[in-house]
Amino acid sequence: MNTLEILFYALSAFAIVSAVMVLISKNPIHSVLWLILVFFAISGHYILMNAQFLAIVNIIVYAGAIMVLFLFVIMLMNVKKDKEPQKQHLVKFIGVIAGGSFLTLMIALVKQTSQLQGKTVLLKEGTIGLIHPLGKALFSDYVVPFEISSVLFLSAMVGAVIIGKK
Amino acid sequence: MPILNYIYLCLTLFSIGVIGVLVRRNAIIVFMCIELMLNAVNLLLVAFSKMYNGAAFANAPTTTMGIDAQIFVFFIMVVAAAEVSVGLAIIVMMYRNTHSVDINFLNRLKN
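For the record, the sequence lines run as chains A and B.
So that you can map any letter, position 50 of the first sequence is 32 in our numbering, and since no number is skipped, the others follow by simple counting.
So that you can map any letter, position 57 of the second sequence is 375 in our numbering, and since no number is skipped, the others follow by simple counting.
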């Protein structure tokens, strides 16, 4: 087992454990903090695949901006942890069964696809994750969607303000 | 690293998100589980991008094959940021009306 494999398995275990902790922690603030750890693990995966730009954007946008927004909303609401209503055990059980069977079905499907057998992911090499090729592609081939996304942000801003003002 | 390992990891993260949406009743936690599913898909897109890049990398080291998936991930992050701002505004509005973030109060469209 070389270093890359050890890093891959460690980051994967870290991500999965943190994701489970998001689900089972009672306090919503703890859930937000665990979710930030999941995002850091996913950023580690991006760095492992030499997608440096996406790793940094993931940390800045998700762990930095979006999760802080979640924390602000939770603190504004003052949600008590004993006040949170729980679903019945039967509904919880059925939910876990449904998710687990989805996972089993998808794994069984993926396992027998012939196109994916023997394909490998290029780790730590390759230049497409660096900011120079990405910026070139973004501002030449994808410049129209890039500009449209600014309109999307403007409309989201207006929408959030209008909904919040009521 | 085989692509199948990445697919299994992303499927596990996605299923944890699905289970969270089905099991929890706090609207904020449900929303966070949706973010988790989005991130699992992003990770899978980057893995596939590096898979196609790796196939072309052996012949031409400066190839930009597979860069479209990373651009796509960038746009998914853009849309997710816009979605979160509007969604959290809706949750705050719902909390102001019902003084609760329980999603079972949101069944008024049922009748």
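Just to be clear, a hint being listed does not mean it is correct.
To be verified - Chain A regions said to be covered by chain B (calculated; three or more residues, Cβ under 8 Å): (1) -17 to -10; (2) 5 to 18; (3) 31 to 37; (4) 46 to 60; (5) 84 to 97; (6) 102 to 111; (7) 134 to 141.
What the hints assert, rightly or not - Covered by chain A, per the in silico footprint, the following chain B stretches (three or more residues, Cβ under 8 Å): (8) 321 to 334; (9) 347 to 359; (10) 362 to 368; (11) 384 to 391; (12) 398 to 404; (13) 409 to 417.
Said to hold, decoys possible - Pulled a few chain B residues facing chain A out of the computed Cβ check, cut under 10 Å: (14) 338; (15) 339; (16) 344; (17) 372; (18) 373; (19) 377; (20) 379; (21) 425; (22) 426.
Since the hints were derived computationally from the structure, they do not count as laboratory data.
Beta carbons are placed, not taken as given, at the ideal position from N, Cα and C, and that holds for glycine.
Hint-by-hint comparison with the structure:
no.	hint	in the structure
1	-17 to -10	holds (count 3)
2	5 to 18	holds (count 5)
3	31 to 37	holds (count 5)
4	46 to 60	holds (count 8)
5	84 to 97	holds (count 6)
6	102 to 111	holds (count 9)
7	134 to 141	holds (count 6)
8	321 to 334	holds (count 12)
9	347 to 359	holds (count 7)
10	362 to 368	holds (count 4)
11	384 to 391	holds (count 6)
12	398 to 404	holds (count 7)
13	409 to 417	holds (count 4)
14	338	5 Å, holds
15	339	8 Å, holds
16	344	6 Å, holds
17	372	3 Å, holds
18	373	8 Å, holds
19	377	13 Å, violated
20	379	8 Å, holds
21	425	14 Å, violated
22	426	17 Å, violated
The structure does not agree with the numbered hints 19, 21 and 22 stated previously, though it agrees with the rest.
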